[in-house]
Amino acid sequence: MESKSGISTIAATTVTETQSDARLPANPPNNGEAYEILHSKSTLFYDEYSRKAEGKKQTHYCPGCGHGLVHKLIAEALQDLGEQDNTIFVSPVGCSVFAYYYFDVGNVQVAHGRAPASASAIKRSCPGRMVISYQGDGDLAAIGTAEIVHAANRGEKITVFFVNNGIYGMTGGQMAPTTMIGEKSTTSPWGRRPSNEGYPLHMAELLATLEAPIYIERVALSDGKNIMKARRAIRKALEVQRDGAGFSFVEILSPCPTIWGKDPVAARQWIADKIIPAFPLSVFRDHAPEALAVKEVEPPQRSVAEVLGIATSNDGDTTHRAEFDHRFEDVKIKIAGLGGQGVLLLGQLLIEMGMREGLEVNWLPSYGPEMRSGSAHCHVCLSREPIGSPLVSHPDVLVAMNEVSLRKFAHEVVRGGVILYNGAKLPENISIAHAQVVAIPASEIADKLGSTKVANIVMMGALLEETECLAAGTAWSVLQDKVKKLDLLELDRKALNAGRLFIDEHAHIGALDQPDGFA
Amino acid sequence: MRQLCKGNVALVKGAILAGCRGYYGYPITPASEIAEAAALYFPQIGGTFLQAESETAAINMVYGAAATGLRVMSGSSGPGLSLMQEGISYLAGAELPCVIVDVMRGGPGLGNIAPEQSDYFAMVKGGGHGNYRNLVLAPSSVQEMADLTILAFELADKYRNPAVILADGFVGQMMEPLDLEYREILQPEKPWAVKGTHETRGNLISSIFLESDGLEEHQRNMEAKYRRAQEAEPRYESCHIEDAEILLVGYGIVARILHSTVEALRKQGVKAGLFRPITLWPYPSKALVEAAANVEKVLVVELSNGQMVEDVRLALDGTVPVEFYGRGGGNVPSVKELQEQVLSQMAVRV
Ligand SMILES: Cc1ncc(C[n+]2csc(CCOP(=O)(O)OP(=O)(O)O)c2C)c(N)n1
Ligand code: SF4
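Residue numbers (this note's numbering), protein chains in the order written: chain A, 1 to 519; chain B, 1 to 350.
Treat the hints as calculated values from the structure; they're not laboratory data. Mixed in with the good hints, there may be bad ones.
[Unchecked claim] Cβ-to-Cβ under 7 Å is the rule here; a few derived chain A residues that face chain B:
{"hint": "1", "residue": "86"}
{"hint": "2", "residue": "114"}
{"hint": "3", "residue": "364"}
The C-beta atom is built at its ideal place from N, Cα and C for all residues, glycine as well.
Chain A with its partners taken away, still in its complex shape (with noise of 0.2 Å):
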């Protein structure tokens, strides 16, 4: 923990009766409200401060600290409001980092600046509880920028309450993202300079320029009156929670007379004189839930069997099975072409077709800026055995859906393999001894068919009766499974048997000898 001049001398000084009366001004003006100073502590605070190492009776907290006041608000407010047994309390890093010694509720101590991310898991996770992010003004404006922005962006049925003390106290002085223009700390020792530090990060202003949230306001504990104006706002921004309208957010302008080098009074006095000025009180944001009311989609409620398409126990095995006489121990197939000419897709169905014909299968794409820069391949394993490597770096069968793909890859393939190449004839010097080379006009046939989308299924076809690899009726069967489009489904049904016909009736070009099919 870091070391901090005062911080030893700890006084119980605001959670108790004597001393919170110490910190009010001397006559604390009566405008009417009902505010009652409590003569005894709270009981939303512990009897006991046992997760103390010492001093069990006293806060940690310096003598005037503004931490306490707002803890002793914060507890008051949710002991009215009936909610001890249903409050999380998330505590920052900083000085207020022990909250959870005091409060008697749940605690979740979290790490500097995230408290808005944690605390809006917690809610998420616990819809119905209070969940209160404490946060000081390094916490929440510098480190933790990212976090409060979003989680007021997302409205998270939180609240959050903002010590705004202008300085970093835990850490012994530094500025913080709230220190004033020309202030000293011990990072800014001629005072902040806009041209070095920039200026001060107003949050409130800042947050309520976002829509989703609720309710925002800006007080002080500079005296009496705005003390009780703190009061209603912090009650309010429980109030807000609890009634689940949304996002709330309160900004307490504290003292920290330690680093301030001022008694409590004074410290008081100097924000009623400066920092009010720049960090004007006011309500940013008071809306009724209604006026956020947009309409969404509800996601669909489903049994997790269902959404993860497997059987209960008790349905049994509803896997299509087909049976085919594979006369080969594993073949493996490259799929190369552009993106968009169902590259991918050909793959997938081949393994679609393997697991159901009973083989271990494997899939691997390409992926990323290769998929985006316009070419795309992938690796297809079909075996009777478990598969070791799913990298094809040597095909049995090429499939090249471009020029590009042919030249890239067809030394790769087994010396004995195929190529099936989409094209009407070979290009122009290109010679390929050690394989097996079909050229099939596949997009040519597609568009005639009516979409060249169609090439690869064309091309699944010319392979499956080049080399029986697997049986063109579970081709069939899975098409009719994934196709849900009828017209497209005829689509495909032709450019299959486009393709088996093709090879059926053609000679191989540049084919050496070869027996037809995988032996």
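Position chain B with the ligands relative to chain A; hints supplied.
The following block gives chain B with the ligands in isolation, referenced to the frame of chain A:
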């Protein structure tokens, strides 16, 4: 029932079967299908999916949800995991169970999105600050993406500690048959959780121990549970080790390539064996020592410049020569390439 599934999707299905109902994450290739599958499935089964503003936020959301006792997870790849490390340290320090997935890609920096195994140090040796360990599991098939995720949730709860699925881009992206059966998975009671109820009011989730003695005691307690895990949890797979003269060691996708390599070598008459760690922490050191007891050489293969090889050397402690062969940047050794490596290693011995 077998269904074709991508590794990344299988992982989410496994998580759901394990009772995970919270997913908090940020997209990154090659792990995005994890977030996408969670986004599709979780809201339909009463769970929460939230795309966080960053991996930093995501891991702290995981922290919050785990604090309430829920089974919760996040998934990412290298750069995202770097951002999560502070949060993972907090989770370990606060003894919160959760599952974190790293589908490794090429690094350092932005590197590339091709598969690598270069986050071994970051995930197995720590990465975040302080005295802690991650439980780390390394799947090498689509089926294991689901099965080891279920196991990861169980181990995380058992040891109240983050569990990591350390996968690579290939295992995440490839498609294989997945055999899933619906079953009720019992989750342990979590009396320590903070749920905002009367019963849990006295509970505190925190990683702070202000006093030196208190923190040291906490660390010792954590160390004791890590010892228990080291006794009970090492998992591995091996083949052809009985008469092996050279032992090949690799995990994840590499183990699959090595398996094919061993088969090919055996056909050539080379007595090669395979040792594949499934848990990377706790590392199956004892089993490795046994597997390597009679071999002349050990060859470790990784998609990195040599990270896990350090644990192999630690385990074998100089008793057997340990050689290393690594590829990087998304390059993956072919079976042929590894066969040649082994043959040249075997040649050196004569
Ligand atoms: C990641 C990280 N960075 C830095 C710190 C050190 N640190 C602890 S508290 C703090 C600033 C707290 O200031 P503020 O949020 O204003 O709270 P205050 O103490 O003034 O109430 C800092 C920088 C930390 N704990 N974690
Ligand atoms: S915020 Fe300031 S006054 Fe309060 S405890 Fe911290 S250093 Fe002391």
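With 7 Å as the cut and Cβ atoms as the points, is residue 364(A) at the interface with chain B?
holds (4 Å)
Have a go at the residue 114(A) hint: is there a Cβ in chain B nearer than 7 Å to its own Cβ?
Where the cut-off is 7 Å and the nearest Cβ of chain B is about 4 Å from residue 114(A), the hint holds.
Interface hint outcome for residue 86(A) [beta carbon to chain B under 7 Å]
holds (6 Å)
Comparing the model with each numbered hint stated earlier shows that all of them hold.
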